[in-house]
Structure formats: C-alpha cells, structure tokens
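Undergrad: Sequence:
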Amino acid sequence: MNRSFLAKMVTLWFYLFLFLLLPSKGVLAQIDDASKKTGRDPRDLSIVCVAAENFTIACDYRHSASYKFRNIQVMLGSKSVALKDGDVRLFESGNQTVAIALLVDVSDPTRKTTVESKSRALVEHIANSSKASYSLGLYTFERDLKPLVPFTNRHTEIIDGAKSLKAEGVATELYRSTLSAVDLLSKQTATRKGLILISDGKSEDRAYGLTDVAELSKKVGVSILSIGISEKPSDSPFLQTLERLSEETFGEYVNASSASLPEPFKSSPLRFITGGGKISFKGSETYDPQTILVKFETIEGKTVELHSQVLFPDPRSLIEKLIDWCKLNWILALSILVLVVALIAVSIFLVRRWLRRRNLLRMSATLMQLGNHRHPHKLYKTAMRIGRGKDNDIVLTNSSVSLNHAEIHRRREGEYYLVDLASTNGVFVNGEKCSNVTLKSGDVIELGEVSLQFLTE
Numbered sequence: 001m002n003r004s005f006l007a008k009m010v011t012l013w014f015y016l017f018l019f020l021l022l023p024s025k026g027v028l029a030q031i032d033d034a035s036k037k038t039g040r041d042p043r044d045l046s047i048v049c050v051a052a053e054n055f056t057i058a059c060d061y062r063h064s065a066s067y068k069f070r071n072i073q074v075m076l077g078s079k080s081v082a083l084k085d086g087d088v089r090l091f092e093s094g095n096q097t098v099a100i101a102l103l104v105d106v107s108d109p110t111r112k113t114t115v116e117s118k119s120r121a122l123v124e125h126i127a128n129s130s131k132a133s134y135s136l137g138l139y140t141f142e143r144d145l146k147p148l149v150p151f152t153n154r155h156t157e158i159i160d161g162a163k164s165l166k167a168e169g170v171a172t173e174l175y176r177s178t179l180s181a182v183d184l185l186s187k188q189t190a191t192r193k194g195l196i197l198i199s200d201g202k203s204e205d206r207a208y209g210l211t212d213v214a215e216l217s218k219k220v221g222v223s224i225l226s227i228g229i230s231e232k233p234s235d236s237p238f239l240q241t242l243e244r245l246s247e248e249t250f251g252e253y254v255n256a257s258s259a260s261l262p263e264p265f266k267s268s269p270l271r272f273i274t275g276g277g278k279i280s281f282k283g284s285e286t287y288d289p290q291t292i293l294v295k296f297e298t299i300e301g302k303t304v305e306l307h308s309q310v311l312f313p314d315p316r317s318l319i320e321k322l323i324d325w326c327k328l329n330w331i332l333a334l335s336i337l338v339l340v341v342a343l344i345a346v347s348i349f350l351v352r353r354w355l356r357r358r359n360l361l362r363m364s365a366t367l368m369q370l371g372n373h374r375h376p377h378k379l380y381k382t383a384m385r386i387g388r389g390k391d392n393d394i395v396l397t398n399s400s401v402s403l404n405h406a407e408i409h410r411r412r413e414g415e416y417y418l419v420d421l422a423s424t425n426g427v428f429v430n431g432e433k434c435s436n437v438t439l440k441s442g443d444v445i446e447l448g449e450v451s452l453q454f455l456t457e
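In the working numbering, the protein residues as written are 1 to 457.
Any given hint might turn out to be false.
[Claimed, not checked] Heads up, simulated EDC-like pairs for lysine to aspartate or glutamate below, C-alpha to C-alpha not over 20 Å straight-line:
#1 Lys232 x Glu243
#2 Lys118 x Glu263
#3 Lys266 x Glu243
#4 Lys202 x Glu243
#5 Lys218 x Glu243
#6 Lys278 x Glu263
#7 Lys278 x Asp60
#8 Lys166 x Glu124
#9 Lys378 x Asp391
#10 Lys378 x Glu457
#11 Lys278 x Asp41
#12 Lys219 x Glu263
#13 Lys84 x Asp108
#14 Lys390 x Asp420
#15 Lys295 x Glu53
#16 Lys378 x Glu446
#17 Lys378 x Glu407
#18 Lys146 x Asp87
#19 Lys440 x Glu407
#20 Lys282 x Asp87
#21 Lys202 x Asp87
#22 Lys166 x Asp108
#23 Lys219 x Asp41
#24 Lys68 x Glu263
#25 Lys68 x Glu247
#26 Lys232 x Glu247
#27 Lys112 x Glu231
#28 Lys282 x Asp108
[Unchecked claim] Here are the simulated distance ranges between beta carbons:
#29 Asn398 x Ala345: 45 to 55 Å
#30 Asp144 x Ser268: 28 to 38 Å
#31 Val48 x Asp324: 20 to 30 Å
#32 Thr191 x Glu248: 41 to 51 Å
#33 Lys68 x Asp41: 34 to 44 Å
#34 Ser267 x Phe55: 34 to 44 Å
#35 Lys266 x Asp144: 23 to 33 Å
#36 Asp85 x Leu339: 48 to 58 Å
#37 Leu350 x Phe55: 15 to 25 Å
#38 Ser347 x Thr191: 30 to 40 Å
#39 Ser66 x Leu339: 51 to 61 Å
#40 Thr191 x Gln240: 23 to 33 Å
Bear in mind the hints are in silico, worked out from the structure with no lab data behind them. Beta carbons are placed, not taken as given, at the ideal position from N, Cα and C, and that holds for glycine.
The whole structure should be built from the sequences, with the hints applied where relevant.
TA: Next comes the structure, spelled out in structure tokens:
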C-alpha cells in the first residue's frame with residue numbers, strides 16, 4: 001500500500017481520536033483509588049469514604065485524643081450536605097475491630113504495693129470500660145515480655161489475670177518489652193490497635209530506645225496510652241519518657257501517681273484509640289468520581305479539613321454509558337458525530353481514489369489490428385511509437401502509414417492518449433480526425449488504411 005496514502009489516513013484518524021479523547025477524558029475511565037493523601041498519620045486524623053448502596057456514602061473518620069470537635073460539616077463537590085440526626089455517629093465497633101494490649105511493669109520489688117494495688121485497679125478499670133467486641137491481652141515485663149492472658153473478648157479473664165500481678169523482677173527492659181508487645185499487636189487482625197503501658201518510666205535498655213518503638217508503632221498502626229505511676233516526687237522526671245512515647249504514637253499520657261484517677265481518663269480510659277466515628281449521607285446519583293470535603297471544627301474554633309473521593313460501581317453496559325454521556329454532553333456529541341461522518345466521507349473518497357489509481361496503473365492495454373488477420377500489439381511501455389519504419393515500437397507494413405505515424409502515451413494515473421506525429425494521412429479515432437485524444441477501451445483508430453482497436457484489461 002502506498003506510504004503517502006497510509007500517512008494521510010493515519011493522520012486523519014489520529015486527529016479524530018485526539019479530538020475525542022481530550023475533551024471527554026474520564027467519560028469511560030475507571031479509577032482504582034480516588035482517595036487523596038493528606039500527609040497526616042492516620043492515627044492522628046484520617047478519613048476513609050466508601051460507596052454504599054443507593055448512592056449513599058459512608059465515611060469512617062479517626063482522630064487521636066488530642067482533638068476535641070464540636071461540629072462537623074460535609075461538602076460534596078461544591079455543595080454543602082445537610083446532615084440529619086443519626087448521620088453522624090461516634091465510634092462503635094460495628095464492622096471495625098479493636099485490639100488492645102495491656103503491658104504492666106513488674107520489674108521492681110520495691111513497687112509491690114503499687115503493682116498489686118494501683119496497677120491491678122487500673123487493669124480492672126480498663127477491662128470494665130471495654131466493649132464486649134474489644135479484644136484485650138494482658139502482659140507483664142521486667143527483663144522479658146510475659147503473657148498473663150492472651151488476647152480475648154472475655155474481659156473477666158483479664159480481671160482475673162490481674163489478680164496475679166506481682167512486682168518480682170530484677171531489671172527493667174522497657175523499650176525491648178514494648179517493642180515485643182507492639183509486634184504482638186501487629187499480628188492481630190484488628191482495624192484499630194492500641195497499647196496501654198503502665199510503668200514508672202524507668203528503663204535499663206542499652207540497645208533499644210524510644211525511636212525504635214515509635215517507628216515500629218507507626219509501621220503497624222499502634223497508638224500508645226502511657227499511664228505513669230511514680231513512687232516519689234523525685235521519680236517524676238522518668239515519667240517524661242512515657243509522655244514522649246505517647247506523643248510520638250498519637251496516643252495519650254496519663255499521670256496516675258495521685259490517689260484519684262484524672263479526668264477524662266476516669267470516665268473514658270480508651271478514648272486514645274476510639275476517637276472518631278462514622279458519617280453517612282446521600283451522594284449525587286452519578287457514576288463520576290465524587291469529591292468529599294469534611295470540615296471538623298474544634299472547641300477552640302479552629303477548622304481541620306479532610307478530603308476523600310468515591311466512585312460508585314457502574315453496572316451500565318458500554319452502550320448505556322455512551323448514551324448517558326451523549327445526553328449530558330449533546331453539543332459535544334453532535335460535534336463529534338459530524339466530525340466522524342466527515343472523516344468517514346473523506347476516508348471513503350481517498351480510498352476510492354487510491355483504488356482507482358491502483359487499478360488504472362495495473363491496467364494493461366492492447367492495440368488489436370483489425371482485418372482478415374487480427375493481430376494484437378501489446379502496449380508494454382509508457383510511450384510507444386507506431387509507423388511503417390522499422391525503428392517504431394509497433395511496425396505496420398502498409399504504404400498508407402507514415403514512417404513515424406503516431407504515438408501512444410500512458411499517463412501516471414493510468415490513462416492512455418494518442419498523438420499524431422504529423423503523419424501524411426492523419427489519425428482518426430472512431431471516424432473523427434484528431435491530433436491528440438484520450439483513448440477509451442473499444443475506440444477504433446485508423447492510421448491510413450490500417451484499423452486498430454484500443455482494448456484495456
């Protein structure tokens with residue numbers, strides 16, 4: 001196939017596809033994950049929105065205990081969503097699971113009263129405050145991590161296990177033990193994971209530190225609630241370790257050194273991991289990506305924004321998608337239709353012209369000498385001279401024919417034409433004298449007394 005012809009066709013259709021794709025990008029496109037990354041640690045503040053049934057959207061949001069919100073506003077695209085009663089619900093287990101490891105420091109025998117009284121009371125308070133769906137595990141540490149009660153939903157087992165707490169260790173490997181507890185939590189299949197560390201903050205680790213715990217906690221999504229209990233006022237600086245550990249893991253720090261538990265830990269000890277909730281609302285009835293902006297107003301009057309995006313599953317066939325798109329974008333659709341029709345017409349014209357030229361170029365012609373002895377003369381050259389002289393391409397031995405009588409030429413397009421070479425008796429085609437004429441198949445040519453018929457195949 002002719003290269004120039006191919007180039008024309010490819011160029012035409014390329015510009016068509018360019019016109020179709022650029023203005024209508026996303027018409028049939030599917031996106032895998034439309035959620036926008038905010039750069040925040042998900043334990044600090046995050047939101048995940050999914051497409052629910054009947055074009056409703058469900059957003060699960062999470063925040064650390066450092067946030068206290070008084071109002072929530074939802075924007076769907078540029079429109080505000082009117083939230084009704086029940087559309088916003090605080091965190092509940094539901095389809096979300098919670099795993100909490102309670103880690104008690106039993107390393108110092110001089111802390112016997114603290115461990116067997118305060119630590120035990122703290123474990124019981126936490127177990128009684130937990131929901132039945134929460135999975136709790138009770139562990140102790142001094143040199144190594146030791147399990148008292150593996151992860152269970154039976155919180156009475158945690159309370160019974162706390163009764164065996166005894167301060168009998170000789171060394172305090174705080175960070176190594178905490179790392180082991182975080183590693184145990186990483187193996188739990190829970191939506192939210194938390195570690196509650198009850199200690200005086202003292203540590204004799206040499207190879208491990210706070211950074212190691214913070215990095216592993218971030219990797220597996222664990223928040224740490226540190227409960228510090230100092231034996232005497234001079235020990236209070238050690239509690240800074242626990243406070244820093246909680247800050248680094250977006251958890252919470254509680255100083256339980258005094259006789260009474262501080263608020264709000266007393267009323268809600270697990271708020272370090274249960275902050276957040278669910279927002280449900282009606283989305284737009286469209287299969288295009290829907291952008292969601294959730295604005296949280298803090299009690300200080302500040303606004304915190306989170307973005308997400310959802311795409312509803314599209315059950316429509318390709319034809320239905322195209323029809324719906326054409327209804328919404330009928331001007332563009334009509335323009336595209338006109339362009340396609342025009343391009344098809346141009347393509348047909350070019351193809352037909354190319355085929356016609358191709359056939360003409362391949363066409364062969366013959367001069368059939370008429371009379372008693374019909375003799376064919378094949379036109380095998382682009383220019384063939386006819387005459388009585390032996391130097392002609394077609395020699396006619398008749399005295400009425402000039403030495404160089406006429407010449408037949410073939411044009412580039414494939415057509416043949418006849419030229420009179422100033423012959424004595426002239427050239428006649430179909431009975432008419434002519435000096436230059438385009439030939440058609442079946443034409444009868446007279447050169448003097450010789451008649452020839454022009455035939456094409």
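Undergrad: Evaluate each hint against the coordinates.
TA: Structure-based check of all given hints:
no., hint, in the structure
1, Lys232 x Glu243, "17 Å, holds"
2, Lys118 x Glu263, "16 Å, holds"
3, Lys266 x Glu243, "18 Å, holds"
4, Lys202 x Glu243, "12 Å, holds"
5, Lys218 x Glu243, "17 Å, holds"
6, Lys278 x Glu263, "25 Å, violated"
7, Lys278 x Asp60, "5 Å, holds"
8, Lys166 x Glu124, "15 Å, holds"
9, Lys378 x Asp391, "17 Å, holds"
10, Lys378 x Glu457, "11 Å, holds"
11, Lys278 x Asp41, "19 Å, holds"
12, Lys219 x Glu263, "30 Å, violated"
13, Lys84 x Asp108, "54 Å, violated"
14, Lys390 x Asp420, "18 Å, holds"
15, Lys295 x Glu53, "24 Å, violated"
16, Lys378 x Glu446, "17 Å, holds"
17, Lys378 x Glu407, "14 Å, holds"
18, Lys146 x Asp87, "44 Å, violated"
19, Lys440 x Glu407, "15 Å, holds"
20, Lys282 x Asp87, "10 Å, holds"
21, Lys202 x Asp87, "46 Å, violated"
22, Lys166 x Asp108, "9 Å, holds"
23, Lys219 x Asp41, "10 Å, holds"
24, Lys68 x Glu263, "14 Å, holds"
25, Lys68 x Glu247, "16 Å, holds"
26, Lys232 x Glu247, "24 Å, violated"
27, Lys112 x Glu231, "11 Å, holds"
28, Lys282 x Asp108, "57 Å, violated"
29, Asn398 x Ala345: 45 to 55 Å, "53 Å, holds"
30, Asp144 x Ser268: 28 to 38 Å, "32 Å, holds"
31, Val48 x Asp324: 20 to 30 Å, "29 Å, holds"
32, Thr191 x Glu248: 41 to 51 Å, "21 Å, violated"
33, Lys68 x Asp41: 34 to 44 Å, "18 Å, violated"
34, Ser267 x Phe55: 34 to 44 Å, "39 Å, holds"
35, Lys266 x Asp144: 23 to 33 Å, "32 Å, holds"
36, Asp85 x Leu339: 48 to 58 Å, "53 Å, holds"
37, Leu350 x Phe55: 15 to 25 Å, "48 Å, violated"
38, Ser347 x Thr191: 30 to 40 Å, "58 Å, violated"
39, Ser66 x Leu339: 51 to 61 Å, "58 Å, holds"
40, Thr191 x Gln240: 23 to 33 Å, "31 Å, holds"
Hints 6, 12, 13, 15, 18, 21, 26, 28, 32, 33, 37, 38, counting from the list given before, are not met by this structure.
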